[in-house]
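Sequence lines, in order, name chains A, B, C and D.
According to the working numbering, the first sequence is numbered sequentially starting from 19.
According to the working numbering, the second sequence is numbered sequentially starting from 19.
According to the working numbering, the third sequence is numbered sequentially starting from 5.
According to the working numbering, the fourth sequence is numbered sequentially starting from 5.
Wrong hints could be hidden among the right ones.
Here are some chain D residues pointing at chain C (derived, C-beta under 7 Å) [said to hold, decoys possible]:
no., residue
1, ILE8
2, VAL114
3, GLY200
4, GLY202
5, MET203
6, ILE205
7, ILE207
8, LYS211
9, PRO228
10, ILE229
11, MET262
12, ALA307
Cross-link-like lysine-lysine pairs, in silico, BS3-like; alpha carbons within 25 Å at most [what the hints assert, rightly or not]:
no., chain 1, residue 1, chain 2, residue 2
13, C, LYS217, A, LYS94
14, A, LYS265, C, LYS62
15, C, LYS62, A, LYS83
16, C, LYS62, A, LYS95
17, B, LYS94, B, LYS113
18, C, LYS217, A, LYS265
19, C, LYS239, D, LYS62
20, D, LYS239, D, LYS302
21, A, LYS242, C, LYS284
22, D, LYS124, D, LYS110
23, D, LYS38, B, LYS265
24, A, LYS94, A, LYS156
25, A, LYS95, A, LYS113
26, B, LYS95, D, LYS242
27, D, LYS124, D, LYS183
28, C, LYS239, D, LYS217
29, D, LYS239, C, LYS62
30, D, LYS38, B, LYS242
31, A, LYS260, C, LYS239
32, D, LYS62, B, LYS265
33, B, LYS242, D, LYS62
34, D, LYS217, C, LYS242
35, B, LYS27, D, LYS62
36, B, LYS156, B, LYS39
37, C, LYS239, C, LYS302
38, B, LYS186, B, LYS138
39, A, LYS27, C, LYS217
40, A, LYS113, A, LYS186
In short, the hints are calculated from the structure, not lab data.
Small disclaimer: the values here were computed from a predicted structure and weren't measured.
Using N, Cα and C, we set each Cβ at its ideal position, and we do this for glycine too.
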Amino acid sequence: MIEQPMMVKICDIWGESPGVKTFFFESQLRFDPGQFVMVWIPLLDEKPFTISYIQDGCIGISVLKRGVFTTALHNKKTGDTIGIRGPYGRGFDLKTNSDVCVVGGGIGMASLTTVVERLKRVTVIQGARTLTELLYQKRFKDMHVCTDDGSAGLKGTAVDLFANFLVKQQFRKVYTCGPERMMVRVVELCKKYAVECEVSLERYMKCGFGVCGQCDCSGKLVCKDGPVFDLQELDMMGDFGKMIIRKTGERVPLNGSVH
Amino acid sequence: MIEQPMMVKICDIWGESPGVKTFFFESQLRFDPGQFVMVWIPLLDEKPFTISYIQDGCIGISVLKRGVFTTALHNKKTGDTIGIRGPYGRGFDLKTNSDVCVVGGGIGMASLTTVVERLKRVTVIQGARTLTELLYQKRFKDMHVCTDDGSAGLKGTAVDLFANFLVKQQFRKVYTCGPERMMVRVVELCKKYAVECEVSLERYMKCGFGVCGQCDCSGKLVCKDGPVFDLQELDMMGDFGKMIIRKTGERVPLNGSVH
Amino acid sequence: MSRIDLSVNLCNIQLTNPTILASGILGTTKALLKRVGENGAGAVTIKSISREPREGHKNPTVIAFEAGMLNAVGYSNPGVEAAAREFANLEDVRKPVIASVVGTQKDDFVRVVEGLSALKFSAIEIPLSCPHTPGFGLLAGQGTPQATFEITSAIRRITRLPVFVKVSPNIPEICSIAKAAEDAGADAITAVNSMGPGMCINIEARKPILSFKVGGVTGDALRPIALRCVYDIYKAVKIPIIGVGGISTGRHALEMIMAGASAVGIGTGVYYRGIDIFQKVCEEMSQWMQENGVNNIKSIIGAAHD
Amino acid sequence: MSRIDLSVNLCNIQLTNPTILASGILGTTKALLKRVGENGAGAVTIKSISREPREGHKNPTVIAFEAGMLNAVGYSNPGVEAAAREFANLEDVRKPVIASVVGTQKDDFVRVVEGLSALKFSAIEIPLSCPHTPGFGLLAGQGTPQATFEITSAIRRITRLPVFVKVSPNIPEICSIAKAAEDAGADAITAVNSMGPGMCINIEARKPILSFKVGGVTGDALRPIALRCVYDIYKAVKIPIIGVGGISTGRHALEMIMAGASAVGIGTGVYYRGIDIFQKVCEEMSQWMQENGVNNIKSIIGAAHD
Ligand SMILES: Cc1cc2nc3c(=O)[nH]c(=O)nc-3n(C[C@H](O)[C@H](O)[C@H](O)COP(=O)(O)OP(=O)(O)OC[C@H]3O[C@@H](n4cnc5c(N)ncnc54)[C@H](O)[C@@H]3O)c2cc1C
Ligand SMILES: Cc1cc2nc3c(=O)[nH]c(=O)nc-3n(C[C@H](O)[C@H](O)[C@H](O)COP(=O)(O)OP(=O)(O)OC[C@H]3O[C@@H](n4cnc5c(N)ncnc54)[C@H](O)[C@@H]3O)c2cc1C
Ligand SMILES: Cc1cc2nc3c(=O)[nH]c(=O)nc-3n(C[C@H](O)[C@H](O)[C@H](O)COP(=O)(O)O)c2cc1C
Ligand SMILES: Cc1cc2nc3c(=O)[nH]c(=O)nc-3n(C[C@H](O)[C@H](O)[C@H](O)COP(=O)(O)O)c2cc1C
Ligand code: FES
Ligand code: FES
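Extracted from the complex, chain A is given alone in its bound form (with noise of 0.2 Å):
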């Protein structure tokens, strides 16, 4: 773990979907399926994005343009320098890797592909608004995808077409990442099935090693004793699917997501 962020050159930049763009760079830092980093546009701010590529020497980021900071990532070019500190949080935990279930929407798909690269017989699942938003189509060759617009594969949520799998298939666990909403029907499902399942949560982020309390989930620290969470946590933490932490560390109701 880096203390302070390190300059880093944008070696690449793919388009993975109109509004998302991954960006590697080289780094030596090791990093679990899961784990994040702060990433720092000096005189901007500073916010945490999850490694969605591990490669030899080589890291990336997938990003989805959504306010000013992603706004200004987006706008970077290959050979410009970015700020990162990490790797942060406690990953996805893979002692069972094999016959696995990762159900991605949105963007949450993004934390979810190095599990994929990691584990055996997994089925993915990924839901987006429309296909264009879809993601890693071809990191991913059998993806199973929704759309809520119908516009490929079924029509319908991920949170529908996991439940589709579970009918008639029996996974040993499940990974899951997107809006919280779908998070928390997934979790639903799960213990339905008595299935094993781990959650990645996103919370508003400052420190992001365990000292500012902004990440806050019921006691929990998202920063450091997540992002991933397993059931039996979830069970205690009772802000899971229902409250935030705005930045002014306000505690509010989550509305449909995160975001």
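Start from chain A and add chains B, C and D with the ligands according to the hints.
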């Protein structure tokens, strides 16, 4: 090396001579022969002393009662505590590990004891003012001694006795510690007979770890580069045998001994 | 093995041990306070609350360096109304909870203290000493003896809870600040807040790292300074001192207590050793006390003074 | 590989590189200054000299702690007469040598500067900022803008050598001190002296470790504070700054230069990395410059300012 003084309990005290006591204390620190510790008496002062006994989990320093500090040390009882920090300095190079001679004068003998115990076929020469001031007589049975007043061994100085040996015996190396004037003459003899030699110097010290510059001897730091120096180094040290540095930092001529 | 007594009575607040979570670290929610209590803290302090909500400075707001941390969070907090909701039913925390209150005007402090008055806080701490938030603390002139006296007096008048005044290590005349607080009726001095401010620059970016450029220095770097402040304040005032600054081991805590602290705050230590640092520090203190024949922590408060 | 130029011109003193031995470290004899020069320092500073000889404080005078060192040497020095003997024939050192001059009265400074005037010093540095020697620096009120102005002016009148005024990181109004020095004709600001003071207590002995109890804090702990001071002073004055405090790597030196320093002092770094730290820091700077396409160190002075 420890950075701050560590309080250790005096577990044994031996009288080595009317003026010299050895204080033993438990310590897991590892010392090389010739290295020293800074000994702290809270609210009083802190001064350097060579380790004269290196045993398993227990070390000893032999202290000549001289001024305020050493008198305070001599008043300590078994069970009392003192602070030590170290080990400091570069000790003797014991690669030449047999057929050597050690030449000790007065309390300087304390630095040489651990050398004697590490090497084979060592000729030990000790000079003192008088019989009662001879040190470590039980520890080293076949020492060659001399006294200024002839009350034991040869009447004369350690240098005289050493000179006698040089004409009849060939040494691979000489280790010496004692009054600086004595060491100057030992060095001269070693050069004349083309014998390797290492000398342990004394200078007033403050930090003990090479920062304050108090212990300078011609650009060498006695606390860190020394206290042990070899002939090649001494050749470059014009102040050896000539100049010392007072507590004020004033460089003044050496009078007889450092003390 | 004789029983080691770590309990202290701080202004009539009973603490099972002298470790206290410092303000601004993990103190955002009741759930986190509870967790810190379960991890061994004798008491906990909430992140400072102001009258209105504040977003604080932009990220980066907290960074580590070789000798500690730099932070310029900028008092992000939900404001007193939302805080009053968050910290309702404080008995859930099961350890004494200290409210930290900040303001730009004397009046703000009063309003916040009033706004929290229905809650079960055990004490009110007022940091007049933040070095990096415009409008607050040192940057608002609150670090003078006169301002300290005025703000403390105003709060003294409206609460019966113990009032702790938190002072800055930057101020050469720290003892006169502590005395001003004592004269105004403060019940304890919290010494110290973060130091500096300081700066770290990323040389590739050629820019200060913190978005506010400068931030308060905490952790190891601060410890000897904090220790000296506590040592000096102990001689200057009669009220107890909560020693804060760079404590991350039992030895550090004992140093602070011997310098004159009745209790010790821990902040950056959470970064060095995790949330269970409170437990670890208590165990280390107990073990040392056992080995050195000290049964009661209270007996060594100020022991380093002649 | 393009040639990296580390040379700087500091008040018309030509330095082969920007590293300078800080005052009080190894600066007791000409022989040691020479050795430090041979180990790569661009210039060296002698240990501060007062009018009369001083024994300084008793041992312990210097101790290390996790984040740096504490020292209360107490200006031990042989006095100006003996110093004039020691530092005769300074050309032997073969690097520019800076004289450090201290006094309790304005008059003392003048006498010492006069006493050294026949020698080949390249500059006079006056530390008005020692935090732990009664009669000197902060403890003698020399850290105010007015005292700074008066002492600096007095020295300005009697020497044509560049005058460096060394300031304390403790003083909130550091920029007004620097400005006072500039107004009085100082040629450069040396920022900073040691911080605090701080204290370390040995808990078994139950006593402060330093014989003077408190001492100035240096090393890693000081770096972010020193860096902020230099950053602020750079905006306040036009004369060059020698940045000192916690520098032990090439990165640290570059941070300080980007904050606005034209040269960097190194003291505690000698403890961390040995006498050849000067060489090491220069090599690290050169390598970084090589990798980052910076040929001339002068081009990045103050680069962290917008
Ligand atoms: C552990 C973790 C991993 C993440 N991984 C990715 C990723 O791989 N790809 C990706 O595109 N996004 C990821 N995010 C979300 C990403 O940090 C936000 O999308 C980004 O901060 C939005 O910044 P903005 O200025 O563009 O948008 P804004 O307009 O500032 O914010 C848009 C929304 O993003 C959320 N957000 C903003 N800042 C943060 C923050 N510091 N922490 C958490 N949420 C924030 C807010 O809820 C806000 O409503 C991750 C978040 C977390 C906590
Ligand atoms: C590396 C080293 C190893 C030493 N090992 C031993 C040892 O094993 N046994 C022993 O008895 N003595 C040893 N000494 C000397 C010992 O430090 C002094 O005898 C002691 O400091 C005297 O203190 P005092 O207050 O009793 O006498 P003082 O009256 O203060 O001094 C008597 C004389 O001792 C010298 N002295 C005082 N303080 C120091 C100091 N800090 N460093 C160097 N010299 C000093 C002075 O030249 C003075 O003239 C060693 C010294 C050094 C440098
Ligand atoms: C990230 C961070 C945030 C802080 N926020 C506050 C705050 O809101 N109010 C306050 O009084 N002190 C605040 N402080 C100061 C701490 O309470 C404490 O005084 C300081 O960190 C020194 O202790 P430490 O070295 O144990 O961290 C903060 C410190 C840190 C590191
Ligand atoms: C042991 C020691 C002695 C010092 N003596 C002096 C001194 O005599 N005069 C002075 O101006 N500064 C003195 N200083 C301060 C240094 O010159 C320097 O300003 C300070 O140590 C910060 O730099 P550093 O972190 O690189 O050590 C001393 C510092 C130390 C550690
Ligand atoms: S972001 Fe600071 S504790 Fe998680
Ligand atoms: S005693 Fe300080 S350098 Fe040797």
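To see whether the hints hold, each was checked on the structure:
{"no.": "1", "hint": "ILE8", "verdict": "15 Å, violated"}
{"no.": "2", "hint": "VAL114", "verdict": "27 Å, violated"}
{"no.": "3", "hint": "GLY200", "verdict": "5 Å, holds"}
{"no.": "4", "hint": "GLY202", "verdict": "3 Å, holds"}
{"no.": "5", "hint": "MET203", "verdict": "4 Å, holds"}
{"no.": "6", "hint": "ILE205", "verdict": "4 Å, holds"}
{"no.": "7", "hint": "ILE207", "verdict": "5 Å, holds"}
{"no.": "8", "hint": "LYS211", "verdict": "6 Å, holds"}
{"no.": "9", "hint": "PRO228", "verdict": "3 Å, holds"}
{"no.": "10", "hint": "ILE229", "verdict": "5 Å, holds"}
{"no.": "11", "hint": "MET262", "verdict": "5 Å, holds"}
{"no.": "12", "hint": "ALA307", "verdict": "5 Å, holds"}
{"no.": "13", "hint": "C:LYS217 x A:LYS94", "verdict": "23 Å, holds"}
{"no.": "14", "hint": "A:LYS265 x C:LYS62", "verdict": "10 Å, holds"}
{"no.": "15", "hint": "C:LYS62 x A:LYS83", "verdict": "19 Å, holds"}
{"no.": "16", "hint": "C:LYS62 x A:LYS95", "verdict": "24 Å, holds"}
{"no.": "17", "hint": "B:LYS94 x B:LYS113", "verdict": "37 Å, violated"}
{"no.": "18", "hint": "C:LYS217 x A:LYS265", "verdict": "20 Å, holds"}
{"no.": "19", "hint": "C:LYS239 x D:LYS62", "verdict": "24 Å, holds"}
{"no.": "20", "hint": "D:LYS239 x D:LYS302", "verdict": "17 Å, holds"}
{"no.": "21", "hint": "A:LYS242 x C:LYS284", "verdict": "19 Å, holds"}
{"no.": "22", "hint": "D:LYS124 x D:LYS110", "verdict": "23 Å, holds"}
{"no.": "23", "hint": "D:LYS38 x B:LYS265", "verdict": "21 Å, holds"}
{"no.": "24", "hint": "A:LYS94 x A:LYS156", "verdict": "24 Å, holds"}
{"no.": "25", "hint": "A:LYS95 x A:LYS113", "verdict": "38 Å, violated"}
{"no.": "26", "hint": "B:LYS95 x D:LYS242", "verdict": "62 Å, violated"}
{"no.": "27", "hint": "D:LYS124 x D:LYS183", "verdict": "28 Å, violated"}
{"no.": "28", "hint": "C:LYS239 x D:LYS217", "verdict": "14 Å, holds"}
{"no.": "29", "hint": "D:LYS239 x C:LYS62", "verdict": "23 Å, holds"}
{"no.": "30", "hint": "D:LYS38 x B:LYS242", "verdict": "17 Å, holds"}
{"no.": "31", "hint": "A:LYS260 x C:LYS239", "verdict": "51 Å, violated"}
{"no.": "32", "hint": "D:LYS62 x B:LYS265", "verdict": "10 Å, holds"}
{"no.": "33", "hint": "B:LYS242 x D:LYS62", "verdict": "21 Å, holds"}
{"no.": "34", "hint": "D:LYS217 x C:LYS242", "verdict": "22 Å, holds"}
{"no.": "35", "hint": "B:LYS27 x D:LYS62", "verdict": "23 Å, holds"}
{"no.": "36", "hint": "B:LYS156 x B:LYS39", "verdict": "15 Å, holds"}
{"no.": "37", "hint": "C:LYS239 x C:LYS302", "verdict": "17 Å, holds"}
{"no.": "38", "hint": "B:LYS186 x B:LYS138", "verdict": "19 Å, holds"}
{"no.": "39", "hint": "A:LYS27 x C:LYS217", "verdict": "23 Å, holds"}
{"no.": "40", "hint": "A:LYS113 x A:LYS186", "verdict": "24 Å, holds"}
Comparing the model with each numbered hint stated earlier shows that hints 1, 2, 17, 25, 26, 27 and 31 do not hold.
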